[in-house]
Amino acid sequence: MKGILFAKLKLFLRKPWLFVIMTGVCVMFAFFTSQGEVNKIPIPYSVVGDSEEMDRIVDELKGAEAFQFQEMTEEQLKEYVSEGERQSGLILMPDDFRIMISSNTGTTSLLQQVVGKAYSDMKYKKAVEEAALSEGIPSAEVSGWFHEAETAPVFSIKEASFKGDDTFVYDPKLQSLFGFSLFFVIYTIAFNVSTILNEKNEGVWDRIILSPTRKWEMYAGNLVHSFILGYVQLALIFFVFRYITDVNFYGNFTTVLLLLVPYVFTIVSLSMLITGIVKKVQHFSAVIPIVAVSMAMIGGAFWPLEIVKSPILLGISKVVPITYGMEALKGATINGWGTEQLMLPVSVLILMGVLMMGIGINFMERRHV
Amino acid sequence: MLEVVSLSKDFKKHKAVEGVNIFLEKGETVGLLGPNGAGKSTIISMISSLISPSEGDVRLHNDSILKHPQMLRKVLGVVPQEIALYNDLTARENLEFFGKIHRLRGKALKDKIADILDQIGLKERQNDVVKTFSGGMKRRLNIGVALLHDPEILIMDEPTVGIDPQSRNYILEQVKRLNREKNMTILYTSHYMEEVEFLCDRIYIMDKGHIIASGTKDEIKSILSAESTILIKLERSSDAFVDRLKEIAYLKTVTSQDKEVTVVVPKEVHPFNQIFQIADETGATIVTIDRKTATLEDVFLHLTGRALRD
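Chains as they are written, first to last, in our numbering: chain D, 1 to 369; chain A, 1 to 310.
Only chain A is shown next, with the shape it has when bound in the complex:
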């Protein structure tokens, strides 16, 4: 349905996106994951035809939208990361304004607004000015505005940032419902792995402007299926303990943060006895030790690294 082909974007000398290929089939929910500055928002802007790519193409039903952006805009709804609303207008006035610019008029507009207000749970507060809303209510209205013209494809750029768990859960359920009941195709970006795991059929992971992994949830997790992670919690941090673990050849990676030590080992290796022995020798006291299989977050951190990003 929607295809991103070898998309690149340069900002002067900086390559924000390079050679990205993404496809979305009708009715799919696809996740786009990546740390800050990975290029997710730039890709979304290019898909939405808000900025033009330096190279590559975006195709809708095999037609280039670079040449005919209006074709895509008719079927595309975008939920931006920012709260793109008029703060001094009421929820209803915002919906009326954005409905009118989508050429909705009269009864059609009125019915649509009533439907959206119902979907986003703001019927009771429809006549209140947006600036009096909580973060969650604003986010819900932000999504509601993108649904006014019944889009076939919905792009959601981190739609749950900075809101309470109740609002977040409500939004996730609504996204799931849109996909299930209206067969809406959704491209969803988020920092929250559990959201992507809950919603998405397929996932793209990108970093530094490149797609570094893609596939179904299971395919992505299988990247770390040959390994498992051991989490060790100490009574107090111990450099000697960590240094001794690092000397063991078959432990693939050993990282520590304060009193927690994370060890990645091949799945067939069982190093618990040796770990307890080293703890005994170095005087470290183990509070808990836990072996777990790879999660999406593990894969994400494995692929993008644990170092802090700007």
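Next up, chain D with everything else stripped away, as it sits in the complex:
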């Protein structure tokens, strides 16, 4: 087995490009889809008057998570809203604001809250500064107090709530990272496992059979190599996001790395099953994208499964490995699951892996390519 692994490693080092490209593409997809502001609601705004306070309010608003504010003239703003191109528009004045709406939706009240809070924060800070000034303390020093209080508070407050079955927490960065990583690694693993088909067609497999090497060593050598490559790819991507782009893994980075093991094993087994079923490498190359993309769509890699309402699609998702991979990874991070809760998706993945591996090898052994 060591000999096969060593040869595979050499072959990989001669041609690492598929691995490098897949890793790069995955990092790019995960990065850009999580950084984009596609989920923010665009709100045009116009400022009446010019003062330091107005600049502060605008800065505060630009930090809002739900909205993307776009500055324009009042005439443009009215035209946008009246023609229905934007649901709402915002006119900011020194002491007050006005919201223009084309239709009354839930956005309006949320916008009102966000803008109202920005005004009250500004007024509060202004009042403190004025009081400090009357005591002879410069405003720069007061600003420093505010900054210090925000960055290093005396008390830290942690909010917690009981979650019902119907609630779900959405973290776009982790959703994109987990989804695209679990999706792209299917290609890396599958195309490595499929080298067994090439070796069968080229006679190399028969040559190894005729040596004292045992069958299990032949399979193990090939499959362990695919497992290692798949795992290293995922770990590499997660390390990039953890240590370079500083994505929050909710303090469970090590658990996430451990949870990748059953998922990668299942995908190796799935690839073995497909390799056992198809007859030619060309068939394999045609089947893999179909399987990978449909599994990713149904298994919640591209969007959270919680937004899917179709009972049929949700039913199919129960037999897709990505579903349980996503569930385990999100469970360990966003949902803060404990070991017991994580055992369910992990067990399902291992069961699927064992079944698919057994059936795949059986098919492979029945057929002499």
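Where hints are given, some of them may not hold.
Said to hold, decoys possible - Derived lysine to aspartate or glutamate pairs resembling EDC-like cross-links, with alpha carbons at most 20 angstroms apart: (1) D:Lys280 with A:Glu82; (2) A:Lys12 with D:Glu306; (3) A:Lys74 with A:Asp57; (4) D:Lys200 with D:Glu365; (5) D:Lys279 with A:Glu82; (6) A:Lys67 with A:Glu3; (7) A:Lys176 with A:Asp88; (8) D:Lys15 with A:Asp128; (9) A:Lys131 with D:Asp59; (10) A:Lys67 with D:Asp206; (11) A:Lys138 with D:Glu199; (12) A:Lys67 with D:Glu365; (13) D:Lys125 with D:Asp96; (14) A:Lys182 with A:Asp207; (15) A:Lys217 with A:Glu297; (16) A:Lys100 with D:Glu217; (17) A:Lys217 with A:Asp258; (18) A:Lys100 with D:Asp206; (19) D:Lys2 with A:Asp88; (20) A:Lys74 with D:Glu217; (21) D:Lys10 with D:Glu199; (22) A:Lys138 with D:Glu202; (23) D:Lys117 with D:Asp59; (24) D:Lys10 with A:Asp118; (25) D:Lys200 with A:Glu82; (26) A:Lys100 with D:Glu199; (27) A:Lys176 with A:Asp201; (28) D:Lys10 with A:Asp128.
For the record, the hints were derived by calculation from the structure and aren't laboratory data. Just so you know, these numbers come straight off a predicted model, no measurement behind them.
Got chain D sorted already, so can you dock chain A onto it with the hints?
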């Protein structure tokens, strides 16, 4: 030494091999000839224990290898028809890999690789990646890999397909040397009759899954010893000439292809005068006419027919 007894193989309803008997004595080189689809590769796969037969047995020193395939695999080297090598590894790396899976290690492996590289003439190119090799070099390395564990029996499935005459000659000389110096028993399949004539002591000819002739080269050729072949080359093709020849009762077969006409006659018959007369009457101009004794190829074509195969 190695005995194939009533071997048959069915693939669903298709009988690829039926009731084949072959034996190989120690130190013999035996040829297995047959057109495409005759069942040669299926027989080789069954002898190598890669596929199991539907019926029959393969015995090594009277022990069935169907029950103990490992026994045969220790002493068997197979040179497959395909180039069964890792194209992205060097010649040395390929030999190292296949040597290791044959449990060769350390100095023994190193010495063996040096010996094989010398035998196959690839010492200078040992560190080059196989995909940069010519067809002949790949074929030589393909043979080298099969020799790593010093097999007693070597099965070669069309080892010279698609290579230049120099490489082909080199391979044939090496096979001859292996047989002569190492007393290796060789089963050799090929489409090239001259290769089989050059290398083999005995020959099996098979077609449609059956052995249709077997024996020494002379025994095989004697199948056509009662007949001789007359080759006639015309200036231009003439159907009238061929039709008139076919009317002559003592000419056994008359076949034509373009400007060439082949006539098989009993050895004692001398029909040259009559052939010239018919040519004169039909207006055909004979460029050359040649009478020859049967070659292995004649026997092969006589037994398997001249019709094209799929």
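key: Pair hint Lys10 (chain D) and Glu199 (chain D), alpha-carbon separation not exceeding 20 angstroms   = Cα-Cα ~16 angstroms, so holds.
task = Compare the distance between the alpha carbons of Lys176 (chain A) and Asp88 (chain A) with 20 angstroms, and conclude whether the hinted pair is satisfied.
result = violated (31 angstroms)
key: Hint consistency between Lys67 (chain A) and Asp206 (chain D) [alpha-carbon to alpha-carbon, up to 20 angstroms]   = Between Lys67 (chain A) and Asp206 (chain D) the Cα gap is close to 19 angstroms, so the pair holds against 20 angstroms.
message = For Lys138 (chain A) and Glu199 (chain D), compute the direct alpha-carbon distance and say whether it is at most 20 angstroms.
response = OK: Lys138 (chain A) and Glu199 (chain D) at ~16 angstroms, within 20 angstroms.
inquiry  = For Lys67 (chain A) and Glu365 (chain D), compute the direct alpha-carbon distance and say whether it is at most 20 angstroms.
reply    = The hint holds at about 18 angstroms.
key: Pairwise hint evaluation, Asp201 (chain A) against Lys176 (chain A), where the allowed Cα distance is 20 angstroms at most   = With a Cα-Cα distance of about 11 angstroms, the restraint between Lys176 (chain A) and Asp201 (chain A) holds, given a limit of 20 angstroms.
message = Next pair to validate is Lys182 (chain A) with Asp207 (chain A); report whether the Cα-Cα distance is within 20 angstroms.
response = violated (32 angstroms)
task = Given the hint that Lys279 (chain D) pairs with Glu82 (chain A), test it: the Cα-Cα distance must not exceed 20 angstroms.
result = Roughly 18 angstroms separates the two Cα atoms, so the pair holds.
ask   = Straight-line Cα separation of Lys138 (chain A) and Glu202 (chain D) no greater than 20 angstroms?
value = With Cα atoms ~13 angstroms apart, Lys138 (chain A) and Glu202 (chain D) stay inside 20 angstroms; holds.
message = With the threshold set at 20 angstroms, check whether the alpha-carbon distance from Lys67 (chain A) to Glu3 (chain A) stays at or below it.
response = Given pair Lys67 (chain A), Glu3 (chain A) holds - Cα atoms ~15 angstroms apart, limit 20 angstroms.
ask   = Is the straight-line distance between the alpha-carbon of Lys10 (chain D) and that of Asp128 (chain A) 20 angstroms or less?
value = The hint holds at about 14 angstroms.
ask   = Taking 20 angstroms as the top limit, are the C-alpha atoms of Lys217 (chain A) and Asp258 (chain A) close enough?
value = Distance ~31 angstroms between Lys217 (chain A) and Asp258 (chain A) Cα, so the pair is violated.
Hint violations for this structure: numbers 2, 7, 9, 14, 17 and 24, all remaining hints satisfied.
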